[in-house]
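> Here is what each chain is made of, one letter per residue.
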Amino acid sequence: MVAINRRAILKGSAALAGAIATPRALSAAATEAPRLLLIIMRGGVDGLSLLPPLGDPDYRRLRPNTAVEDAVALDGTFGLHPGLKLLRRLWDRGEMAAVHAICTPYRDRSHFDAQNVLESGLPGPSGTATGWLNRAIALRPDPARLAMAIGTSPSLALRGPVTVQSWAPSVLPDAGADLLGRLAPLWAADPLLGPQLRQAMETRGLTAGMGDMGAGANGAGRIRPLLDGAARLLADPGGPQIAVVDSTGWDSHANAPGLLGRLTADLDNGLEALIAGLGPVWSRTIVVMVSEFGRAAAENGNRGADHGTGGMAILFGGAVAGGRIAGQWPGLGTRDLLDGRDLRPTSDIRGLFASLAHDHLRFPARAIGETILPGISPDPAFTDLIRA
Amino acid sequence: MVMHDAAVAATRFGFGLAFGGDDALAPVTHNDLIDQTRRAPSTDHPAFAGLRPVHDLVREFMQVRERGGDPAIIELFRGPFRQTYLDEATARLKVAAGSRDGLHERLVHLWSNHFTVSARKPIVGGLAGAFEREAIRPHVTGRFADLLVAVVRHPTMILYLDNAQSFGPNSRGGRYTGIGMNENLAREILELHTIGVDGGYAQADVAGLARMLTGWSLGRPGKSALPGGFLFHEVVHEPGDHVLLGKAYADEGAMQAERALRDLAALPQTARRVALRLARHFVADAPPQDLLERLTGTYLDTGGDLGELTRMVLADDRAWQPQTKLKTPNDLVVSTLRALGPASVNRGAVLALSQLGQPAWAAPSPQGWADEAGAWLSPDQAMKRIEFAVAIADRLGDRVAPDRFAGAILGTQLRDETRDAVGRAESRTQGMAMILAAPEFQRR
Chain A
308 MVAINRRAIL
318 KGSAALAGAI
328 ATPRALSAAA
338 TEAPRLLLII
348 MRGGVDGLSL
358 LPPLGDPDYR
368 RLRPNTAVED
378 AVALDGTFGL
388 HPGLKLLRRL
398 WDRGEMAAVH
408 AICTPYRDRS
418 HFDAQNVLES
428 GLPGPSGTAT
438 GWLNRAIALR
448 PDPARLAMAI
458 GTSPSLALRG
468 PVTVQSWAPS
478 VLPDAGADLL
488 GRLAPLWAAD
498 PLLGPQLRQA
508 METRGLTAGM
518 GDMGAGANGA
528 GRIRPLLDGA
538 ARLLADPGGP
548 QIAVVDSTGW
558 DSHANAPGLL
568 GRLTADLDNG
578 LEALIAGLGP
588 VWSRTIVVMV
598 SEFGRAAAEN
608 GNRGADHGTG
618 GMAILFGGAV
628 AGGRIAGQWP
638 GLGTRDLLDG
648 RDLRPTSDIR
658 GLFASLAHDH
668 LRFPARAIGE
678 TILPGISPDP
688 AFTDLIRA
Chain B
3 MVMHDAAVAA
13 TRFGFGLAFG
23 GDDALAPVTH
33 NDLIDQTRRA
43 PSTDHPAFAG
53 LRPVHDLVRE
63 FMQVRERGGD
73 PAIIELFRGP
83 FRQTYLDEAT
93 ARLKVAAGSR
103 DGLHERLVHL
113 WSNHFTVSAR
123 KPIVGGLAGA
133 FEREAIRPHV
143 TGRFADLLVA
153 VVRHPTMILY
163 LDNAQSFGPN
173 SRGGRYTGIG
183 MNENLAREIL
193 ELHTIGVDGG
203 YAQADVAGLA
213 RMLTGWSLGR
223 PGKSALPGGF
233 LFHEVVHEPG
243 DHVLLGKAYA
253 DEGAMQAERA
263 LRDLAALPQT
273 ARRVALRLAR
283 HFVADAPPQD
293 LLERLTGTYL
303 DTGGDLGELT
313 RMVLADDRAW
323 QPQTKLKTPN
333 DLVVSTLRAL
343 GPASVNRGAV
353 LALSQLGQPA
363 WAAPSPQGWA
373 DEAGAWLSPD
383 QAMKRIEFAV
393 AIADRLGDRV
403 APDRFAGAIL
413 GTQLRDETRD
423 AVGRAESRTQ
433 GMAMILAAPE
443 FQRR
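Sequence lines, in order, name chains A and B. In this note's numbering, each residue carries its 1-based index in the first sequence increased by 307. In this note's numbering, each residue carries its 1-based index in the second sequence increased by 2.
Distance windows between CB atoms, simulated: (1) A:E677 <-> B:D200: 27 to 37 Å; (2) A:P671 <-> B:R67: 51 to 61 Å; (3) B:D200 <-> A:T641: 25 to 35 Å; (4) B:D200 <-> A:T653: 23 to 33 Å.
No lab work stands behind these hints: they were computed from the structure. Ideal Cβ positions, reconstructed from N, Cα and C, are used throughout, including at glycine.
Working from the sequences, and respecting the hints, build out all of it.
Shown next, in the form of structure tokens:
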């Protein structure tokens, strides 16, 4: 009995030592691989405030109290929310682009189902869905190393057959290699828990020294430690090529100007750390910010807007051919709106994901249409937003 | 018939076994559990002493706001409300870790999560504890309809989902101020609290219920009998009949929406979702279909009697299969504190919940926290659970003998491999960390 257990512990320790060594020993090709960071803005971002259509004659009629008048003009029609200062600078450098009136195929305005569709990349919500990015990396060798969830619990986009690594800022004490070596064989016997600890021990080599990065679990500045960590991991030659971060709180039902002012300032603060940290891989990086839906075109009685449909996506990074807004603008006239209330979607967000998978991550179109985003092809409207 | 094992009784239906000779925390029997389903949880636990009722907190908030009239008021209140949040969250942990009625505490956490209010909205942080004590606790073994009405009337929910600002556009108040409707509360009642997103409602039903709920608001200081408490504010109520799911509700003031809520509670779609909540929590992530059907039937036969449904779960052998559920971070922290005794509860325990990703009353959205293992499985979660065990063990030092501790808190769930590995630990502290991090302590 004792002998068997001791052998199991030795095996656990050897696996740990090997795992720490390997991430550094990747091929040069892996270090030149493209990087993709997906930021999921939960709550339904108001695209009409972040990228206000100042040139649309109906905008101020629909938003008499909440139109973003101090937006910075991007082109003849659209502006950028004044809180997003760094994005404005990237726009000027041709490294930021946006897509307007984009949405998932889901139309029923529930946050949770819409997020399920956004992250699964499937036509409708499903309780058993896997994430589109998980299905993508599953097609590549050694998939668990390719992607990483940033945050304590992984987003659906990264859940599925491949157990991906995850990382979150922590101020808890380090467990220590000796204790982990003793626990590893106990956890290995548990089919649910075992794989998680094995992955975690492999990640340890990568994230050593990143434990105490000042997480504010509650309140302001929530996004910065996450984006700072994501940048360091993506910039590490042995780190992941794909990462997903959640940005929460965008459900602007009431007092939207104040709420969006705080959230954009928080995001801008986080983007500063992100852009600085991505330095060595910046030229190969695309960061894409999406949300489950947009908000109703007209403001409600509380200086907010209720759940809507057509929304926006923002792309930035050294691999973005930016300085332009893609997608067809449907207009805000009464007859242009979906169900008489929402910005009408003119493109499917899965087409944008397919373009990123094809033109940036270099997945074959066939694998995309069959497995990653079933039935979807790269959307030609987005191809020229990505630098080849 | 399976054995009603003491370790399963304590960990599946409560927050676990305790170490040490405290009689109040002696293992519960099957009969103790049945007894708890026949009465409501106590609301005067000593740990609740000194906590303020919601109307008191809201009234103070409103008085300061009326004096200042400044939108920065939330900032002003962040300090005191943060203090109230910490006091409330500490009291909640003390009660869950120290009450003999563990099933009651588990039911309170379960239904509080079903009807999530979240401190992600700053004002809710200070009011969430009062919400749980006042709207949830008295009703978890009563009728679901009473629980629902108590929740929707509670000032914390009214503030969380913006109903105090929802004015009927044709009401006198709406016409005078130009403030319109906000359908947030109505939508979440349908989507999350009652019939569910697949329950067969449309946008018009959301709007209909929102119209009925206009006027469900809070009393203003100097203008009502209970400032800060629930008040039906007739002057902003949208007049007329309103329709929900094909049925017209006559304008009877606050009774209009209350009748609609009680009708929603009586629907089979709601029955199925309540059945799933209970079965998923006490049996397995994917509970057996036949049990769900029987629970749904009992719900409809008994007018939604939650005590009766809980007894039906207790009577099912499958609820007594050990170790089928992964502990959530909240389960893990509370069961660790319970194992060590309620005296171990302090502010650090409240912060540990945040570190593990499940801060008290701070779910990311009104959907609340997931009750399935998948949502709580990640390599980072795994490492944080082990680090939490290390933090607790470091604090205990060598005061506790690991072998006795393991036997007391895991009972029949302790595996030989864990016992052997703990026996070989390099120190008592490491042995304690191994027990608290052992896979059988991560499950319930």
